[in-house]
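*Asks:* Sequence:
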Amino acid sequence: MGLCCLFSLFCFTWSFFVLGTYQLQSSQTQVLLQLRKHLEYPGQLEIWNDHTIDFCSLSSFVQVNITCQDNFVTELRIMGDKAAKVSDFHGFALPNQTLSESFSMDSFVATLARLNSLRVLSLVSLGIWGQLPDKIHRLSSLEYLDMSSNFLFGSIPPKISTMVKLQTLKLDDNFFNTTVPNWFDSLSNLTILSLRNNQFKSSNDMSGEPPHLSSLNSLRVLDLSANKLHSMLPEMPKGVVMVFLSNNSFLGEIPQQYVRLSQLQHLDMSFNMLRGKTPTELFSLPNITYLNMASNMVSGSLPDHLSCGRKLEFVDISNNRLMGGLPSCLNTKSEKRVVKFDGNCLAIDTRHQHEKPYCVAAVAVSMKKQSKRKNVEVLVGVIVGIFVAMALLSFGFLFLWRRYRPPGISEQHLLQKTEQNTSAAGFSSELLANARFVSEAAKLGMQGLPVCRSFTLEELKEATNNFDNSAFMGEGSCGKLYRGRLENGTAVAIRCLPLSKKYSIRNLKLRLDLLARLRHPHLVVLLGHCVDVGGRDDYSGNRVFLISEYIPRGSFPTYLAENSCRKVFNWSERLAVLNGVAKAVHFLHTGVIPGFFRNRLKTNNILLNEHWMAKLSDYGLSIISEEADKCGAKGEGLKSWQMTKLEDDIYSFGFILLEALVGPSIHARKEAFLLNEMASFNSPDGQKRIIDPIVQASCSQESLSIVISIMSKCISLESCSRPSIEDVLWNLQYASQIQATTGDGDHRFNSASHL
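For the sequence shown, the numbering used here gives the first residue as 6, with consecutive numbering after it.
Careful, some of the hints might be misleading.
[Stated by the list, open to error] Pairs of lysine-lysine, DSSO-like flavour, derived with a Cα cap of 30 Å:
1) 233 to 140
2) 42 to 164
3) 175 to 164
4) 175 to 206
Keep in mind that the hints were calculated from the coordinates and are not lab data.
Model the full assembly from the supplied sequences, consistent with the hints where possible.
*Replies:* This is the structure in structure tokens:
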């Protein structure tokens with residue numbers, strides 16, 4: 006009898022303990038049901054339909070997890086399926102992507118705050134939109150907060166600084182668009198801070214103020230990658246282990262303070278605007294395993310005696326301005342260490358390196374721009390005033406000159422006089438007087454490159470054996486194209502274009518000089534021009550010859566077809582070409598004032614030099630010949646009215662991306678493909694059917710998805726929906742980074758095996 010009573014007492018005590026610990030209070034259950042209503046009844050929460058069940062006893066799933074203690078919810082994790090699929094967000098509900106217009110962020114957070122025992126909160130990909138309100142700080146017990154992949158915008162509420170128990174803060178893949186807060190140092194327990202892929206900016210000061218992070222003594226992981234930060238690199242806490250700063254616009258030199266981060270294991274500073282010499286001690290940090298500083302402007306040389314840490318496994322210094330040799334500890338033959346160093350001016354593997362002048366000129370541009378950055382705001386006001394005054398004076402002078410000029414001066418004489426009086430740099434004094442048309446970047450970008458000059462028709466006849474059929478290369482994009490060799494032995498390509506009658510010789514010469522100043526590593530260099538007026542002494546010429554550098558390896562499409570006798574580019578090689586062309590277009594749009602648009606972009610105009618570097622040809626022709634815009638359709642198949650009406654550089658670049666994905670067969674069936682095939686990119690089976698097998702065999706799926714997404718936006722028939730060239734370039738660089746990290750899917754298509 007006593008044993009039975011003892012057993013009953015044990016059962017009662019055990020049941021009380023279980024119910025007291027895990028049985029959820031009804032008020033807490035009501036809060037969860039209200040949250041489900043706020044979230045508009047997502048499918049992941051259908052299991053909550055039965056209100057009689059104990060939420061704390063539910064099995065945990067990847068999508069939903071609830072943990073309780075002492076009748077209260079202490080952990081709530083919900084994973085939705087509404088990841089952001091737009092490149093920009095302006096704070097309003099989006100059909101089928103965000104929660105509806107009736108969703109109230111303020112009410113939602115107020116309801117959340119009633120779960121005042123929460124220590125872990127993760128609400129990911131639920132379509133939550135709006136500005137995060139200050140009342141989020143009412144969750145004062147929170148140690149872990151993750152609201153990634155939603156549509157949060159504006160600023161991070163300052164009251165989060167009072168959540169002193171917070172250890173992890175993740176707000177990745179949202180649309181925060183202000184500066185990174187300077188109050189993070191109040192969160193003394195913060196160990197993980199991840200703000201990846203937002204639109205955070207530096208302060209309004211042109212030089213930018215770096216985020217204040219060095220006093221976060223507990224911080225171990227920091228991710229600020231894929232934002233719009235434009236400042237010096239921030240100083241790091243001493244105990245930081247992983248730092249992600251890639252795909253921003255960080256400038257200046259790598260802080261010397263970084264070499265004292267003894268716990269640092271992973272450092273990614275790629276795709277920024279960093280310059281100066283690399284602190285070589287970074288390579289020998291005791292715990293460093295991953296070091297990526299690719300695609301910056303880092304210069305100088307690495308010492309032969311460079312020491313690498315014994316744990317270092319991956320190094321990427323590619324696409325910088327490094328010169329000299331490669332230290333022995335970065336030898337790529339090592340089985341334990343991957344080293345990427347292409348795109349520099351290193352005296353090794355010259356097939357994938359630039360010539361030394363390229364690095365010297367680029368560093369000079371960077372230093373010039375950096376030294377002037379602090380005075381830009383003042384200079385802009387002064388320069389604008391000067392330009393306005395110059396414009397008024399020029400207009401007045403032109404008016405007086407045209408009215409009172411001597412009647413015997415012909416345009417042919419003006420052409421000859423201009424050719425005789427060009428400056429030492431090869432540019433007319435008229436163009437130099439109109440310097441507002443060309444940015445400082447364009448001027449400095451010409452350093453180390455051949456000077457553009459005027460040629461005579463006799464020189465061109467001699468170079469082409471009087472335009473013999475053996476020199477004829479075809480019709481090209483617009484006008485006839487010849488191959489020639491100048492008297493000094495330089496191989497050139499000579500294009501003959503018809504001229505518009507609306508341009509006088511003086512106007513034409515000014516436009517040619519302007520075109521000649523477009524210099525960029527990924528643009529075919531214009532070496533000179535020749536205006537043929539047919540021996541007539543009138544106001545208009547009838548043809549112009551453009552003399553450009555000869556690009557030996559031909560056009561991009563010939564490396565996309567399997568039936569070609571040449572090598573076939575794998576996905577990494579195609580991405581390298583696309584990145585190069587995007588940089589060229591970005592320069593044409595933003596590197597000169599005013600920008601050059603409608604550059605008739607297509608794959609046949611993408612050429613490859615002896616180093617396999619992409620070079621864009623036939624750019625800017627619309628400023629010298631009105632026929633240039635009309636001859637693009639020649640040989641390109643039918644065009645719909647939409648393509649005729651909406652075609653621009655971004656739209657055309659979309660078809661370059663499409664051809665890189667599908668192959669040259671798309672070239673003649675653009676319209677049919679748009680109508681019938683684009684939807685295939687949305688399914689794995691469709692992709693498998695239409696994407697080039699070589700791409701499928703050599704790509705990572707994430708890299709491929711990024712390019713497909715940006716390609717679809719580029720060829721949108723609504724011009725307002727198309728991305729900017731900055732967005733296109735960023736996505737391509739990110740796709741390349743992902744591809745480089747994961748590696749080619751099939752090394753059978755490695756470039757070396759096809760050379």
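*Asks:* All hints, please: hold or fail.
*Replies:* Right, here's what the structure says about each hint:
1. With a C-alpha separation of about 27 Å, the suggested pairing of residue 233 with residue 140 holds against the 30 Å cut-off.
2. Of the pairs offered as hints, the one joining residue 42 and residue 164 holds, with about 26 Å between alpha carbons and a cut-off of 30 Å not exceeded.
3. The straight-line distance between the Cα atoms of residue 175 and residue 164 is roughly 16 Å, inside the 30 Å bound, and the hint therefore holds.
4. Note on residue 175 and residue 206: the hinted pairing holds, with a Cα-Cα distance of about 18 Å set against a maximum of 30 Å.
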